[in-house]
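For the protein sequence lines, the chains are A and B, in the order given. Be aware that the first sequence starts at 1, since it is given in my numbering, and climbs by one per residue. Be aware that the second sequence starts at 1, since it is given in my numbering, and climbs by one per residue.
Treat the hints with caution; some may be incorrect.
If you only want the chain A side, here are some residues facing chain B, beta carbon under 10 Å, derived [unchecked claim]: (1) Ile143; (2) Phe146; (3) Glu469; (4) Ile625; (5) Phe661; (6) Ile669; (7) Lys671; (8) Ala676; (9) Leu680; (10) Val681; (11) Thr684.
Hint data in this document are derived by calculation from the structure and do not stem from the laboratory. Every residue, glycine too, gets a C-beta built ideally from N, C-alpha and C.
Here is what each chain is made of, one letter per residue.
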Amino acid sequence: MSPVFLIFVPMLAAILVPFLFKKIKNMHTGWFVLAIPLALFIVYASFVPVTMKGEFIVSELQWIPSLGINFISYIDGLSLLFSLLITGIGSLVVLYSIYYLDKNRESLHNFYVFLLMFMTAMLGVVQSENLIALYLFWELTSISSFLLIGYWFTRDRSRFGALKSMLITVFGGLLMLGGFILLGIMGHTFSIRELIGQTPELASNPLFILALVLVLFGAFTKSAQFPFYIWLPDAMEAPTPVSAYLHSATMVKAGLYLVARLTPIFAVSSTWIWLVTGIGLFTLFWGSLFAAKQKDLKAILAFSTVSQLGLIMSLLGAGSIAYHVDNAANSVFKFAAFAAIFHLINHATFKGSLFMIAGIVDHETGTRDIRKLGGLMSIMPVSFTIALIGSFSMAGLPPFNGFLSKEMFLTAILALSDFNLFSFDGLGSLFIVFAWVASVFTFVYSFYFLFHTFAGKHKPEELPKQAHEAPFGMLLPAGILGLFVIMIFFIPNVVGNAFIKPAVAAIQPFLYQTPSDIDITISAWHGFNTEFFMTVGIFLLGGLLFWTLEKWRKAYDLVPNSLNSLYDGMRYMSETGANRFSNWYMTGYIRTYLIYIFTFLIAAVTGTLLLKNAFVIDFESVSSISIYTIIVIVILIAATTAILFARSRLTAIISLGAVGFSVALLFVIFKAPDLALTQLVIETVSVALFLLAFYHLPEISRNEVRMRFRLRNALIAFGVGVTVTLVALASFAQKAFPSISEFYKETVETEAGGGNIVNVILVDYRGFDTLFEITVLAIAGIGIYGMIKLRLSRKENKLENK
Amino acid sequence: MIYVFWGALIAVAAAMVGFVYRVIKGPTIPDRVVALDALGVALISIIALLSVVMKTQFFLEIILLLGILSFIGTVAFSKFIERGEIFERDDNNH
């Protein structure tokens, strides 16, 4: 099977899930689901030898070839690494969820459909070679994440979290689409590889920086970077398997993937390096600062995820510097990309296991509130062991994999202070301070998470449930991840050769021919250098801070959680603001809307006339005016004025009739007998109808005193009159073509066999219009009949007149 | 010869002014209705005279139409004054 179809396997399997859930009652649906990620994992694992050689696998599924939009699965080191993470941790999470979610109480058919949908989306994101297809899958991850966060949709907090994450990630996703389209415009292709091929031309394009910033918006919102991280802590209302899978190991890394994937395009820009490194470091610092403040186990992990994602992001930014230094293969910045990928793997392993432990603690004690927990070490020894492995790795202690990547991170950040381009010098040392303080706090919250849950005094009276050890099936996936944490520490170079080097070769394709060219070996011990002393400092200060945690905890209360209130405020403002705005201009009065319409008419038409210099008066072709015409016009004006100044409505109606009849007289003078005929009849009928309407007016308003004068209305009326006059004069003066009427005059007798030219036009030359005007009349008649006869609101048959 | 028609036009116009005065002033509604009816007839003569002056016969249909309209209008008004409504309903109205 072509690899592009593998992407859609989970989605297709999702169709079967509801049937399995409905038909097979005595078996947990998760067991069937488990087979899919497991099988995919094995298939993807078989691609590892290919990517290790630096080769890639491409397969294509045509979608909209005429627009250059196709599903192209491009598997190189980077996408294979992500695919393995997605399917591997996916299998573990499905296994975990089988024990976590009860098959009788939970709506599993929903859960697994959403989860499989997410899996397809995520595989699509990391394998898509086409930007538009990537965007499609990207939004699919947003939607399935929304569904999964809101899985317990009867809870208010779940819905709030789902909506918040949806709004923020879709906001970023749409901006990212803008960036993709700009890239497509600049490079005339949506293919990432072709875009990478034309990097120098792209960089000189004026749209380049805009595309860069827009794409970064998408990456930053998805990967919960500052200031868009605020959705992630609220997404913790999702079931724990979801938090472990989406919000630590896979989806939040989609932004990192995007940054890594597009590094070859954008790394030439200093804006890219500044934004990615700066925002990443600040997110690292900010997230670690807030993690120790939280009281909820999953909230600690959420902020820790934010912080670690910032770390990886900053490493990717530092890795982009390799494009700017001479002799990059020997510089330390090539190291940064390696460290980023390494830490990405490490983070997925230990954070996944920690989330599962948080879920186990929640499941077995009934609470996630860290103030109620404590002393679980002897009750849940296995969970404690796994949590210890994960937390120590997160804190950066040996012998766990977090130690290795933290050392590499420090090396890369230390190198930043030596980098002189783009006015980095000076700021580089600031970066080091940020990174070091963040590492200290990472140490603090890792210990806080571990020891405040498992050490100390057991408080059984505060727990909703009797605490006991979790079932084996729940511990197994967390244990496997914990095992990886230790294994990677001892055999880092196996992982490095198999996964990291091919991925790095994909991020920095200009530096290396094949992955084996990357001469980086990870060693746990590299002598007494600066990094070592920094690590020692982290341990010492972190230990001290953890020891005195309760003393300075009050300082946290002084820090306002301003970003969430900013979000809430923005939502409140946009809702009430939009409401107020529409209430302000939508008054519900027709007169207001007419004022808008007429003002716009005046402004648009006179504006166009002035801008286009179209206002011309030409008296050459004006014909002479007869005396009757003047008289009729005077009558017309007098009658019109009488309407405006009439004291009673009756006078106004009669004056309107006078206007109609004088128009009929004008038709007579301008030799249009058919028009005059029709005009007379219609005017008579409509005056009679006006009288009818007048007769049925309520007694009170029947004799209203004359219309009040309003300056604004007068001005607008005057303006409209002047506008229309100007347009008429201008269009009369600039007749571009002779009239077509000569043709009618010549052929009315010969072609149509008639004498009355008006009637022949109406029924012969242009009979189609007449047909539909007849229809209009019929509709009006039926409408009036319906309005009079059909009274649904009033059931009794009541006479109107009596 | 044409001056005769002009004179007639002026005379009819003057008569119309008189009728209009009666329409505005007329103490009772029947006064006004009769004046309106007369106005219609005067309009017919004006259009007839105009057709002669303009040397065309296309407006003769308008004269017929005005005659009908004027008649119908007068009858309708009369009925309205007499019965209070123009179209009567059946007693077993459906």
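Hint by hint, here is what the structure shows:
no.: 1; hint: Ile143; verdict: violated, 59 Å
no.: 2; hint: Phe146; verdict: violated, 59 Å
no.: 3; hint: Glu469; verdict: violated, 85 Å
no.: 4; hint: Ile625; verdict: violated, 16 Å
no.: 5; hint: Phe661; verdict: holds, 8 Å
no.: 6; hint: Ile669; verdict: holds, 9 Å
no.: 7; hint: Lys671; verdict: holds, 8 Å
no.: 8; hint: Ala676; verdict: holds, 6 Å
no.: 9; hint: Leu680; verdict: holds, 6 Å
no.: 10; hint: Val681; verdict: holds, 7 Å
no.: 11; hint: Thr684; verdict: holds, 5 Å
The earlier numbered hints that this structure contradicts are 1, 2, 3, 4.
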